[in-house]
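Novice: Full structure from sequences and hints, please.
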Amino acid sequence: MSLFRALKAKLFNSSEHNRAEQSTLLQVTPAEPPIETPYFCRHFSLKIHATEALATSLEQDAERGITTYHYDSPQLIELLGWEFANEPCAFHTTQFDRLEINNQANALEQYFWLNKEKVCSITPVIPNQDKMLWQVELYNIDDLLISHFTIDAHFIVCGDIQDHASLTGKLQRTFHEVEDEQGIRRLRIITQNPKLTQVVESNYFGERDGISRQFDALGTLLFEGHFIQDQQVGLQTWFHHTGNINYSEDRHPNGMFITRYHENGKISETAEINSDGLYINTLTRFYESGHVQLTRPLINDQIHGIEYLYYDNGALEAERHYEQGYEFQAFWYHPNGVLKQKMRADSTGKILEEFYESGQLAWREQFNPTGELHGEHVKWYPNGQLEEKIYFEHGKEQGMANWYHENGQLALEIYLENGLREGLFKSYYESGVLSAEGQYKNNLSVAPFIEYYENQQVQMYLPHTQGNRDGTARWFYEDGTIRTISEYEVRDGQGYLKESSFYNKQGILESYQSHSNTRCGYHLENNQREYYQEGIPDTRIEYYEDGAIRWLLTCIQDNLFSAKSLSRQGAILETGTIQVTEERYLDLGHWQRFTPQGQLLREVWLDEQGQLIESRHYFDIDENTTAQEDDEAEWDNTKNVSNGDTVGQPAQDQAAPVVTTRSAETLRLSYHLKFDDESKLYTLKRYHSNSHIAEEGNLQIRGEEQFWVGIHNQYDEQGRIALSETYTMSGERIEQATNTSAIVLN
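In the numbering used here, the protein residues as written are -1 to 744.
It is worth saying that the hints were derived from the structure and are not from the lab.
Here are the simulated BS3-like cross-link-like pairs (lysine-lysine), alpha carbons at most 25 Å apart as the crow flies:
1. K562 x K496
2. K394 x K377
3. K439 x K387
4. K424 x K394
5. K387 x K338
6. K348 x K387
7. K387 x K340
8. K439 x K424
9. K348 x K338
10. K45 x K116
11. K168 x K114
12. K424 x K387
13. K340 x K377
Values in this document were obtained by computation on a predicted structure and should not be read as measured data.
Specialist: Right, here's the structure in full:
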């Protein structure tokens, strides 16, 4: 057997055994004379490499009719495939060290053991017949398989061989013997797993020989190929799970023709590959419509000749000229046929030009032999007016660079050295008046950067030192009124923002920020600059129009701030703690709200995630009303739902605002809401002005949604129950009772 066949046979879990027989098989009937070579027919056979004479000991159990042979060393059993008369291939092997023969049966039964494991059994199928058959179970311990098949008196396999998984018992592979049109026997091997079924025509070496197919779990054909001695020959086809063809290869001795397909079944590409795996001749690609998209001439994987590209409507898109893979000339076209881009290349570099659909030149740039921009880069507007002109040396901008408005006026001018800004910078409006100016050294601003409105009023004055903002920067409204003043400083080469003041158009201070550790500066990449600012202010102040402080935020620790809201007269209206990040403000901890006269009106407690833990509302002594309806604070994520669901309730039972006159200077609780960690509900209690309870119950609050759960009661000012309701855990009211009636709703 050739080395090639030996290697290929291993793909089917088979191995080659080409040796002269040195022993006589243990057989249940006398062996027929061996088949002479001229009459040889491909087949399977079972071979047992042991004789009674090789046994080291013998036991006989006359009562049971069992004879047992013992062997000092393991003996071999093989399932052999015979492609030729003197050249077998082993498909399954196992070993045994003990043989039991049952003599009581009408025909002998043989059981082979290795230690305590049964590895093979041979039992009669049709006893007392002229042609005896035996059922074989052969255990392939290494592959975890049990092979089932039938043999005759000469140990020739008759019928199919079925391999089952020894752990699950599931059928994994079937060897089915068939005859072709010439009467030549061959194998059809069917391999099954949950996702893929493979049907392979094979010879008795286990080599694919004929048609091989693969199917998915639904039975859809995924692959069909032709093989000779395990070599793919002729047409090989792969399919999508939809059943449409995906890819095919037509293999011949000198290479193959390959075809790829779109999902709609139409050809997407055709090509030819030589025996070395290199593309040759012409590669052609197609649109889904079937129209040609590309034709590419190839010699040994290199484009050589003219490559043509087409639009889907058949119009020429490009014409690219190659010589042994090197593109030296190309023409691209707009869909209307007008030249879009032109490229010329030689040993000195290449020139690239692009055109508008009108035919007007859009831009031109030059490259050196290494592919770097080198020389003049010029760009034009569609009207033919110059848009920009920049010079490059070895990929870096060099010299004066100019940009222009579409009306021809200069838009920007700056000197660049080795790609970096160097010297004066000036930009202009379309009217020609100055819009900005600055000065750079090694790409860093070294002088004030000034921006102007078109009326030449200064818009921004930004002082710089060695690329960092440094000193007093000012921003102005168009009429010259100050808009913002910011103080910057440089410490150890790093820029920092110290403070900023913000003004409205009337020049009145609106807010102020103080910083202690806010870094700022510019990210530099080539000649591009991007300003960054990292940090948050330590103090923030907002003002009323008359200059009085309206809101004060002061850092107390890291990103935690003390927050105060004040009236125009300076009285504290609200206090609390805020967590400040660059993305959000989050209220935390204990918050209090006061009346302008200083009386505590409301207080809440929030956890570290800003969720409400407890809320207390007090009667306003001066205004003789409750603060229950005040919901302006962002941290109040509940609503007064005491009358939120009173369907069917008599009008006289509806709660009405209570106004009383208070003279005592003591806080009187109006409303109390507290979270219970065990039940995950909020307990609510509301009081009349005479301190009698007015309402109580449990609330479920989920974001904006809130509803009663369990028993909810309302009382009159004398403490008598006026309404009692019962709710499910999902907020559905199931019972309602007043002092005069009761209704069961569900």
